[in-house]
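If you want the building blocks of each chain, they are given just below.
Number of protein chains: 2
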Amino acid sequence: MVNELEDRIGSIYAPVKGRLSLVERRIRTLSSSNIPNMDTLLDHVLSSGGKRVRAALTLLSSEFYTHDEDYPIIMAAAVELLHLATLIHDDTVDNSDMRRGKATVSNLWGKHIAVLFGDYVFAASATFVCDTYNVRVIRRFSETIMELASGEIIEYFNCYDPTQSREAYNDRIYRKTASLFCTAAETGAILGGAPEDQIQALRSYAHNIGMAFQLVDDLLDIEGDAGELGKPVGNDLLHGVLTLPSIMLLERSPWKSPSDNPIEALFKYRGDSLDEVNQREEKLECVLEMITRLGIIDECSEVIRGYCTRANECLALLPRCPAYDSLSTLASFMLDRTK
Amino acid sequence: MVNELEDRIGSIYAPVKGRLSLVERRIRTLSSSNIPNMDTLLDHVLSSGGKRVRAALTLLSSEFYTHDEDYPIIMAAAVELLHLATLIHDDTVDNSDMRRGKATVSNLWGKHIAVLFGDYVFAASATFVCDTYNVRVIRRFSETIMELASGEIIEYFNCYDPTQSREAYNDRIYRKTASLFCTAAETGAILGGAPEDQIQALRSYAHNIGMAFQLVDDLLDIEGDAGELGKPVGNDLLHGVLTLPSIMLLERSPWKSPSDNPIEALFKYRGDSLDEVNQREEKLECVLEMITRLGIIDECSEVIRGYCTRANECLALLPRCPAYDSLSTLASFMLDRTK
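Sequence lines, in order, name chains A and B.
Everything in the first sequence is counted per this note's numbering, starting at -8 for the first residue and increasing by one.
Everything in the second sequence is counted per this note's numbering, starting at -8 for the first residue and increasing by one.
Here chain A stands alone, though its shape is the one from the complex (with noise of 0.2 Å):
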């Protein structure tokens, strides 16, 4: 299964491949600092894993047109950059101790330098994209970076919320994860030279896969493997965090009174305490039990297959080239993505 999905990574990533190692080695310039650890804290966080699908879809959001070749480059690794970015500071105020099966900077290096690498990392970021000379991608850039904080910002706000609403959702995933594939897309077709549209319709398309993988990742923390997932099912609902299948469950209510409510008895239980652990457990029992049995799970799946195909229309506008293949196959390649 890892193979087949590798497989048609490389299929998609195939008309960028050689640039995508010209991505790597620009990011790689940051170790060359006279900053101590710096190169073992770089080559940690390039080291654990990541499919660069961000940066992809800058090079393969560029390749419609002729162009400067270096300037997608650069800003590929901007944005991959940023990426890597939040995930350290993410790691940091989640205290998580794993990422993708490997020791997160925080749990290596402790909290101090996690921020402060973080910090770094995000300003190595916006000044790479300064080398485009592109005002417009650079507002962008800076603009993304806002929205990615504030996605998080309103995440922690909203824990232990009951009475989130579907748009507020959309809005939070919107901000936290599509917000840089839009803006992946979005710079690439201008550095690429496209026209107003087709940047317009990279960027809807990217908006549609970003939000797509994110309910993916939220769906997986309910019904995945937690071997797999390196971390507990239901994780986020462990958190106080509402996702589309529990908050698909609080729009059914299908409990007798409000009392019942299965999420509101699972939120009481917050304490480290063995007995509070031991209430939660099996109140999140309930609460996944109760989405799987009222056929959530099938939900969820057909608004993911919405986005996909949305995606996949808004490519309608573009030119045929190897380009728009790899974006169409990456469309169908959400729908079974696993981590």
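Accuracy of the hints is not assured; some may be wrong.
Same chains, same label: a pair holds when it works inside one copy or across any pair of copies.
Think about it this way: if two alpha-carbon atoms lie no more than 30 Å apart in a straight line, the pair counts; the simulated DSBU-like pairs of lysine-lysine are [unchecked claim]: (1) Lys247 with Lys259; (2) Lys93 with Lys259; (3) Lys102 with Lys259; (4) Lys102 with Lys247; (5) Lys247 with Lys8; (6) Lys93 with Lys222; (7) Lys102 with Lys222; (8) Lys93 with Lys8.
No lab work stands behind these hints, which were simulated from the structure alone.
Could you slot chain B onto chain A? The hints should help.
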């Protein structure tokens, strides 16, 4: 004394007073976002005192030639926001509960929000700069964020190392403090339409002012009054951070054998037990007494005086105008600065 200082700052800021309030208004536009608690958070950091010296430096540096009025205001707002973002993250990583007599963001809202809100303010500052439409200025700004973060990283990795050179110290305080002073003045001068040699002169002026600013801070930490400082005397040394006074002491090494080195003796005690704390206090006393007895305080003051003199010399190239007088007065003011 405080009133006298306030009067002097008032006269230094006089040529740009009206525009400094426009800077404040510009920063406040951030609060009109859809993010929960953003108003409260922003209000908290903006009302936490601070003399807006970096913003004033940008505005004063833009005053020598006729120019678009709006760009230096945007730039000054960005510079001040960047400074605020660094304070939010510094307080978070340093576990500081108070700053200028007010509770810090991490103290009131927790580290989670402090990291994310700091990220948001960093990104907002970078977005503001894009409104100058000047790629040179935008790039300097991003590079400065890298310098600021790297200064903090270097300080962290060099903690408790009693072999640091004066050159390493100078590099560190350039990164963590003087770099933003340089950028504040340089970008003000660029956006103010100054010719290149005067841009460089204003940058050098600000470099000297910034170095003096940090040196004063570091000296106050050694000889200041704990009540006025709002933190214990010798706080840097207690956290393993060497500054110029302790580096000068190491350079002189007035002890009989290396094992008598009082700074190494101090750095042995890092624990939280009562005995460790007592030992640390006692060893710190010994270091502070030596620094005072050997005339190191005066020697440091001489170094600061040197920076202020060189700052004034940098101004020679610039045309006389009220901003010139303010910058010149600011250089003398640095010598008398207290918290």
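Problem set entry | Structure versus earlier hints, numbers of those that do not hold, lowest first | 2, 4, 5
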